[in-house]
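*Asks:* Below are the chains, spelled out letter by letter.
There are 2 protein chains.
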Amino acid sequence: METLRLRIAARSLAAGARVPSIRAMSEQLGVSKSTVVEAYERLVAEGALVARRGSGFYVACHAPPLALGAFGPRIDREIDPLWLTRQSLETDTRALRPGCGWLPASWLPQDAVRRALRAIARDPNAPLTDYASPLGLPALRQQLSWRLAQHGVEAAPAQILLTDGGTQALDLVCRFLLEPGDTVLVDDPCYFNFQALLRAHRVRVASVPYTPTGPDLAAFEHALIEHRPRLYVTNSAIHNPTGATLAPTVAHRLLKLAEEHNLLIVEDDIFADFETDPAPRLAAFDGLARVVTIGSFSKTMTAAARCGFIAARADWVEALVDLKLAVSFGNGELASDLVYRLLVDGTWRRHLDTLRTRLADAMGDSLRRLRALGVTPWTQPQAGMFVWARLPDGLDAAEVAREALKQGVVFAPGNVFSVSHSAGDFLRFNVSQCNRPKVYETLQRAMERCAQPA
Amino acid sequence: METLRLRIAARSLAAGARVPSIRAMSEQLGVSKSTVVEAYERLVAEGALVARRGSGFYVACHAPPLALGAFGPRIDREIDPLWLTRQSLETDTRALRPGCGWLPASWLPQDAVRRALRAIARDPNAPLTDYASPLGLPALRQQLSWRLAQHGVEAAPAQILLTDGGTQALDLVCRFLLEPGDTVLVDDPCYFNFQALLRAHRVRVASVPYTPTGPDLAAFEHALIEHRPRLYVTNSAIHNPTGATLAPTVAHRLLKLAEEHNLLIVEDDIFADFETDPAPRLAAFDGLARVVTIGSFSKTMTAAARCGFIAARADWVEALVDLKLAVSFGNGELASDLVYRLLVDGTWRRHLDTLRTRLADAMGDSLRRLRALGVTPWTQPQAGMFVWARLPDGLDAAEVAREALKQGVVFAPGNVFSVSHSAGDFLRFNVSQCNRPKVYETLQRAMERCAQPA
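Those protein sequences? They're chains A and B, same order as listed. So for the first sequence, our numbering puts the first residue at 1; every next one is plus one. So for the second sequence, our numbering puts the first residue at 1; every next one is plus one.
Hints are computed from structural coordinates only; laboratory data are not their basis. None of these values were measured; they are calculated from a predicted model. Don't be surprised by glycine CBs; every beta carbon is placed ideally from N, CA and C. There's no promise every hint is true.
[As the list claims (entries may be wrong)] Stretch by stretch, here's where chain A covers chain B in the computed footprint (C-beta under 8 Å, at least three residues):
1) 127-134
2) 197-203
3) 301-313
4) 369-375
Put together the whole structure using the sequences plus the hints.
*Replies:* See below:
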């Protein structure tokens, strides 16, 4: 019953479709025919199926709405990409969250945010109540244009579109470039929410193994031929979750393949501000022809005021603006204004310098402590907050995460990031959330418990 | 050429689809075959079509991305639902905008917003930098629960989901309930952005004539039978653009029809705070079984801090949260906090009282001045900011709007709101933006110019 319900919910069984016959289903699931009959009848009673005399069972015309995840009590919920999002956001504030994807509030420029809020309250010309203009605050787009130029990406302010955060930026680009049934290529592993977001777009997802210098190019070319993807979504600088950095030669060959196979690319540059040595940007090599850059200020500044952006070809921006207005009626100007004030605040550069040093220290500390537990980093990240590390002895990371959750510690199990589910013994650590001994103590105890035969 | 390009852009011709033969196309458009040959060859050269020897022309696999509108220079852009959005948002601030859908900044509680920003800056516990919890700020959801109860809508705080504005709320609900190819029913006329938003969902839109007491029920039933829509999107209180109010008997019969035909309903309650005599709410009659309520604070409080909400069945909220996290990673907590502080600010009720009185005065004034020009209100709105009015002598409202735009005055032509394009001689007036004599002078002159034979 649950199997069918999920297939209907995920719409892999479309409205009006005939469901497998009772015999076929009983063979497929290895249960008795009477069990299947009972399940089908209950689903008819629920209104999910319709029985047609002499012809079998069909999915009711108004199938249940789009469901992205499986539901259930918190700890038992299937460990999928949305599990981690929910655990990170829902767990009470006393919980430790070494698996979450952002910095502790105390690492963010809270005083500068307070100062900017006071400045907005004082400013007779501040955008306090009005809708934003279609592209968003011009002064912030000018700042972004300059900042992108520092990474070699030439984007005029008119090619930059503000959004309510980086995720909304990616969502808009996907709505613009994809249609249901298209295939999208991602890295394996990749930022877990790419999978959840792409599922909402009803597209197929294929993945390519990521190496410490970028995607595996042979596998990449093979995937282009086999899956003919429309779009590739990646991070070039400080890859999430691995902390790896794209090498220039890989970037160049990747773009050549993209041209040959008419592949479009979204470069999610959300970790740009953490970099110490700038990585090559696909958007810089390509000149924003087939690459779209997205970014946000949620990681280094504030996630409470949602502000992200898209930089893209001029002819695409025009259509993206229409789409943005249609589905959100524009981004929040107060958030843009706040971000702008923080960017031009004299203390911003100092904040970033402090942040990078603090992260580098935390990174060294975490790497040492993880190695001491037999947990092996996959690569030594140049910067950022993530360490992608393998558990010893083939331990199951999902089980370890589930054990640790009982102690109020949220870890991020590898398969949440892996489309091919080939990272079952990895965890992603956020070094900024790992400074308490309890993190390592809980990890050690959870690993010990999971290592024991049940 | 343009015809085909638009069909490809709108994806009514899918990637890989065969385009009509040269003969069929020449007959269809009433042009010579050689013209069609030339157009097809140019489209091949552009990469939009592919020619297959002996078999005809096909849409190239990577068709141009989703385009919602037609593009062109500002004044000549096709007058479609997005035209009005762009004109309202883009026109410089000195322009008069009697056609836009919001209040002037000076009518909004700017001092209260400043006060709230200062309070946030002072509050040691204010959400300055963190992501919101999955549903959004609990205190604001509690407030919303109480406020909905005043309209007879029972929604526990756990049934309320915060979003970045009312449009995002509707967008999320549509993503949840609809699949491409579904049919959605709207009022004729209806809020123009419903059409643009629904186009982005790749659904079919059917419409039902709106009367001063709600949708025409005979036409409504007929549409349910003919189009089998999945969803109906409407405003019950202070209908946009007509200013009409749903009558209780119509609400009751409408819900019975919805039950019979398994129709879901979104009630966009964005004008709730303008009401003087509360209208019946479909969500109250239905108990949030098949009705979803959405709302926002963009109209009475601020549109610069995006904050809206969805109230829905408990089992739907769970899936809506997943979807919200996947496509936006949550709403902005700073905006929620700001709205919450304004709601509980002692001056809020007084602000609304003042606003309603001011709107009632402006309404009386506008109705008088419009009648003096021979412009006839379709109904006398009980409250709110909109007057839906017919131009004299079958004048074309789009032409009048285009003339007025040359003088820097943005009017809202009727067909922008009408799926059936049956409101060609209507304009929607926003009485709060109509207090300057230039509005009426420009209207009069534009009408005179359009009445003259060209």
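*Asks:* Are the hints correct? Go through all of them and say.
*Replies:* Each hint, compared with the structure:
| no. | hint | verdict |
| --- | --- | --- |
| 1 | 127-134 | holds (count 8) |
| 2 | 197-203 | holds (count 4) |
| 3 | 301-313 | holds (count 6) |
| 4 | 369-375 | violated (count 0) |
Violated hints amount to a single one, hint 4; each of the other numbered hints is respected by the structure.
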